[in-house]
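**Student:** From first to last, the protein sequence lines stand for chains A and B.
Start counting at 1 in the first sequence, then tack on 37, and there's your number in the working numbering.
Start counting at 1 in the second sequence, then tack on 4, and there's your number in the working numbering.
To be clear, the hints were calculated from the coordinates, so they are not data collected in a lab.
Computed from a prediction, not measured in an experiment: that's the story for all the values here.
Treat each hint with caution, since some may be false.
To be verified - Now the stretches of chain B that chain A is said to cover, found in silico as 3 or more residues with beta-carbon under 8 Å:
| id | segment |
| --- | --- |
| 1 | 34-41 |
| 2 | 61-68 |
| 3 | 76-88 |
| 4 | 127-140 |
| 5 | 176-188 |
Beta carbons are placed, not taken as given, at the ideal position from N, Cα and C, and that holds for glycine.
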Amino acid sequence: MRDCPNVEMRERLPELLHGRLPGDVDASVRQHVAGCPDCAAELELLRRVRDGWTAPTVDIERIVAAIPPYAPAVQGAVTRARKAGSPPWLKIAAAIVLVAGLAGLWTMLRRASGPDVEPNIATRGVESGAPRVAPPVRSVAQTSVTQLSVGEPLSDLSDSDLRALAETVADLDAVPSTDVESLDPSFIDIEGDS
Amino acid sequence: MSERNRPGDDATDTALIAQWKAGDQRAASQLVARHASALARFAASSGARGDIDELVQDTFVRAFASLDGFRGESSFRTWLFIIERRLLLDRQRSAKRKPEGVELTDGVAATAFDPLDELVASEAQGRVRAAIGRLTPTQRGVFLLRVTEGLSYKEIATALESTEGAARVHYHNAMRSIKEFLDA
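Construct the entire structure; sequences and hints are all you get.
**Tutor:** In structure tokens, the structure reads:
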């Protein structure tokens, strides 16, 4: 028994056998089979298998008796509840919590990534292990520089503050150097209570 | 008794299911009558032995118990095939026997096939029976679903939880094997 080279027709033989082809396709396949001994033989083989293949006996009465009457399943109610989703108030509460959490996180990140504020520029040079030096003659300058060091803009200063700052700058020569190596040890007040 | 699938059967099944849900127990009887033989044939071709009646009954009981989950994405009969196949595989696993179901990965030829003894005992039918008996369980399952039930490759793939391509390959391999045996 040979295979018909027309695969498309061969593929449709089982459907032809069971009458499942649309009318026009059914007619074309039947026409092909009428002129094709290979497909005719294969169709006959399929018919023999179908007609000869009897089902094992089953007791239909017993099967039907074992089937309980229909009862709308609780499972169906659960499924519907799941499909309905959460109540609206719960969704709103969840959204509020989410927004608050994100805002808090954003604030923390902003603080963590902000500029480190040096409280006193005058002490930066001695932070590398050297003893802290508190020069006795810089009270005015120290105040002004500290104000600048924390980032306050000059435009925020009053006229009197600006004048004081200008005078301080003019007197900067009187401020001792912060280079610890050039300091006379006798002037160093380690305890800072001079 | 049930017969093969025909166009329009799906609509009939849907109507019967609705009737059963409305309290008409006779609709259940008609559904069982329409599909019991197909399930028995499928069970036999899938390697069930001796307990086919019980397997078919359990399939229907489980199907009717979960009928709310049937959405009509496949035909009712195909859905029943899926349930029956899973039940059969569960039993084969629990019995710790080698699965003889219609898994699409085996390649072992069958050596015995009891339900085929019910084929008409003519010589021609005897040779066909022998040819089918030599198929692997997978080839046999696919071949018989296609030939005796008239399922499309897509429906076979759904029933066996496989692919259309795999079903097509197994069908053609089965057909070639049968022809070679009959020509020998």
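**Student:** Which of the listed hints are broken here?
**Tutor:** 3
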